[in-house]
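**Student:** Sequence:
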Amino acid sequence: MILLLFAASLAAIAASLALGSSGIDAPWERLAAGDPLMQTIVWELRLPRALAAFGCGTVLALAGVLMQALLRNPLADPYVLGISGGAAVGALGMMLAGLAGFMVDAGAAVGAFVAMLLVFAVAHGPGGWTTTRLLLTGVVVAAGCGAVVSLLLSLSDDLRLRGMLFWLLGDFGYVRTPWLLLALALAAIPVCLPARCACTR
Numbered sequence: 001m002i003l004l005l006f007a008a009s010l011a012a013i014a015a016s017l018a019l020g021s022s023g024i025d026a027p028w029e030r031l032a033a034g035d036p037l038m039q040t041i042v043w044e045l046r047l048p049r050a051l052a053a054f055g056c057g058t059v060l061a062l063a064g065v066l067m068q069a070l071l072r073n074p075l076a077d078p079y080v081l082g083i084s085g086g087a088a089v090g091a092l093g094m095m096l097a098g099l100a101g102f103m104v105d106a107g108a109a110v111g112a113f114v115a116m117l118l119v120f121a122v123a124h125g126p127g128g129w130t131t132t133r134l135l136l137t138g139v140v141v142a143a144g145c146g147a148v149v150s151l152l153l154s155l156s157d158d159l160r161l162r163g164m165l166f167w168l169l170g171d172f173g174y175v176r177t178p179w180l181l182l183a184l185a186l187a188a189i190p191v192c193l194p195a196r197c198a199c200t201r
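Per this note's numbering, residue 1 is the first one in the sequence shown, and the count goes up by one each step.
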C-alpha cells in the first residue's frame, strides 16, 4: 500500500509538470527538444509548486497522524478539532484588512493557536479532558469558524475575494523555493514516527 501511494504521488507530480494553463501541447517533447519557454514553465514555475505542494501535504499528514496518536482516536485531525478553521479565520481576517505576505501566515498561525486554546478551554470539565469531549468541542469550534469564514468572504470586495478563495483552496502560485518546506517535511518524519509509536503503546 505504501509503495502504491508513493507511485501515485510521483504520478501526481508528473501530471502537475505536464498540465497547466499555458495551453502548450506535447510538453515532454518540447522539453526534451530544449524549448526555452517549456524549460522555464516546467523547471521554474511548475516544479517548485509541485514540490511545495508535496511537502505541505507531507507536513499536514504528519500533523494528522500525531493528533490521532496523541488523542488515541482515528477521527482526530486539524479539521475536526477546529484548528484549520481557526487558521482560515486568522488568514482571511488579515487579507480582509489589506495585509499580505508574512502577515497572512502570521494570522493563520495565531488563528490556529487561538482555536486550539478555545477547544481545550471549552472541553475542560470535571475529570479533565477526554477524547470524546475534545472531539465534540472541536466539531463545534470548526462549525463556528466555518460560519466566520463565510462572513469574511461575504464582506470582502471582488478584488480580495479571489485571493481569499485561492488561499482557502491552497494557492502555491507564488512559490519559488520549496526546498525549506521539503527539508522540514523530511526532517519531521524520523522525529514524528517514534513519537507516534510511543503514543500508541
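Worth double-checking, as some hints may not be accurate.
[Said to hold, decoys possible] Pair ranges (Cβ atoms, derived): (1) Phe102 / Leu151: 37 to 45 Å; (2) Ala33 / Phe120: 56 to 64 Å; (3) Leu4 / Arg72: 21 to 29 Å; (4) Met103 / Gly146: 17 to 25 Å; (5) Ala188 / Leu45: 23 to 31 Å; (6) Ala15 / Ile189: 18 to 26 Å; (7) Leu4 / Leu99: 16 to 24 Å; (8) Leu37 / Val122: 48 to 56 Å; (9) Leu37 / Phe120: 48 to 56 Å.
It is worth saying that the hints were derived from the structure and are not from the lab.
Just so you know, even glycine gets a beta-carbon here, dropped at the ideal spot from N, CA and C.
**Student:** Determine for every hint whether it applies to the structure shown.
**Tutor:** Quick rundown of the hints versus the structure:
1. Phe102 / Leu151: 37 to 45 Å: Check failed, 25 Å falls outside 37 to 45 Å.
2. Ala33 / Phe120: 56 to 64 Å: For Ala33 and Phe120 the Cβ distance comes to about 58 Å; the hint holds.
3. Leu4 / Arg72: 21 to 29 Å: Given about 27 Å between the Cβ atoms, the range holds.
4. Met103 / Gly146: 17 to 25 Å: Once the Cβ atoms are compared, 23 Å apart, the range 17 to 25 Å for Gly146 and Met103 holds.
5. Ala188 / Leu45: 23 to 31 Å: Taking Cβ atoms as reference, Ala188 and Leu45 lie about 26 Å apart, which means the hint holds.
6. Ala15 / Ile189: 18 to 26 Å: Because 24 Å falls inside the window, the suggested range holds.
7. Leu4 / Leu99: 16 to 24 Å: violated, 42 Å
8. Leu37 / Val122: 48 to 56 Å: With a Cβ separation near 55 Å, Leu37 and Val122 satisfy 48 to 56 Å, so the hint holds.
9. Leu37 / Phe120: 48 to 56 Å: holds, 52 Å
Going down the numbered hints, you'll see the structure goes against 1 and 7, while the others check out.
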